[in-house]
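Enquirer: Now for the letters of each chain:
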Amino acid sequence: MSAEHAHAHHDDHGHDHGSYSSYIKGFLLSVILTAIPFGLVMAGGFESRALTAVTVIGFAVVQILVHMVYFLHMNGKQEEGWTMLSTIFTVVVVVILLAGSLWVMYHMNTNMMPQMDHELMQGFGS
Amino acid sequence: MSHATTDTRRQYWELEPHHHPEGASTSLGFWVYLMSDCLMFAVLFAVYGVLGTSFAAGPGPKDLFDLELVAVNTAMLLLSSITFGFAMLAMGKGDQRGTLRWLAVTLFFGLCFLGIELYEFHHLIHIGAGPQRSGFLSAFFTLVGTHGLHVTFGSIWLVTLMVQITRTGLIPANQRRMVCLSMFWHFLDVIWIGVFTFVYLLGMI
Chain A
368 MSAEHAHAHH DDHGHDHGSY SSYIKGFLLS VILTAIPFGL VMAGGFESRA LTAVTVIGFA
428 VVQILVHMVY FLHMNGKQEE GWTMLSTIFT VVVVVILLAG SLWVMYHMNT NMMPQMDHEL
488 MQGFGS
Chain B
235 MSHATTDTRR QYWELEPHHH PEGASTSLGF WVYLMSDCLM FAVLFAVYGV LGTSFAAGPG
295 PKDLFDLELV AVNTAMLLLS SITFGFAMLA MGKGDQRGTL RWLAVTLFFG LCFLGIELYE
355 FHHLIHIGAG PQRSGFLSAF FTLVGTHGLH VTFGSIWLVT LMVQITRTGL IPANQRRMVC
415 LSMFWHFLDV IWIGVFTFVY LLGMI
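Here the protein sequences line up with chains A and B, keeping their order. Heads up, the first sequence is in the numbering used here, so the first residue is 368 and it goes up one at a time. Heads up, the second sequence is in the numbering used here, so the first residue is 235 and it goes up one at a time.
Just so you know, not all the hints are guaranteed correct.
Simulated crosslink set (DSS-like; lysine-lysine; CA at most 25 angstroms straight-line) [claimed, not checked]:
id, chain 1, residue 1, chain 2, residue 2
1, B, 296, A, 392
2, A, 392, A, 444
3, B, 327, A, 444
Just so you know, these hints were derived from the structure itself, not from any lab.
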């Protein structure tokens, strides 16, 4: 039992360099996932700008996952899961940081610049 | 008695620390470094997100960016990523000549990427859209420039590693360095996905 465990443990530490087929698969997926958003934006995008933006961001997220799996060989077993755990932690921090910054600064801009607040300015005038 | 033996087996603890070969935790440590680098890029992305619309009555993304050039640049980085993958596969087979050849191809694509980026920066500064023009351009040059600086240092590392492999062959230490550099190189490609999506594509919509 312990010998079996030790064996499995050592396998987890072996560096996985992937194979030709996995690299080619990742490459082709990346090309497709890059070409579609570029083509979409170059062609002028959808009528709704928000829809175009969401689509482009969606393709980026999928492509990042493709890179993680096919090029960086991410899986839950590497280094007994510590690689995955540190990645998840980083993603959480990045999301809080980006969403928080944009949220706070957006409200700062809309609420704290009196010259931007035309309705209020007109109110003062009358 | 049999009961006692089962108990002993159940209470088996590994008191000795695991015997890892030298450098076994390097890849995890390097990954943690990359994650901290990722946080730094996240801050620069946040800065760009906040300042990206502060044009100071200057030119905006639609006046400045050339998507076809960015597409070529993206292709260069993606090609360099897969050729580094081939270098890793050649290393796995113990093929030193093949490893060096694929590393040279990777370096070529990396330098193409840097050349195109420098051309773009030079063009922008030449037409008066330098980093001092507006908050948007300061954030743009900081974010894209930092990524370019990473690729520059990655290229220097690549040359260093090619010299080391030529001198000492594919010894375990060099293999470890290859694993680290491959993670670094693929990581830069991942960051570039964020750059071309959030800076170039969303700016042109």
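Enquirer: All the hints need checking, so say for each whether the structure fits it.
Expert: These are the hints, each one checked on the structure:
no.	hint	result
1	296(B) with 392(A)	violated, 34 angstroms
2	392(A) with 444(A)	holds, 22 angstroms
3	327(B) with 444(A)	holds, 24 angstroms
The structure fails hint 1 only (numbered hints given earlier).
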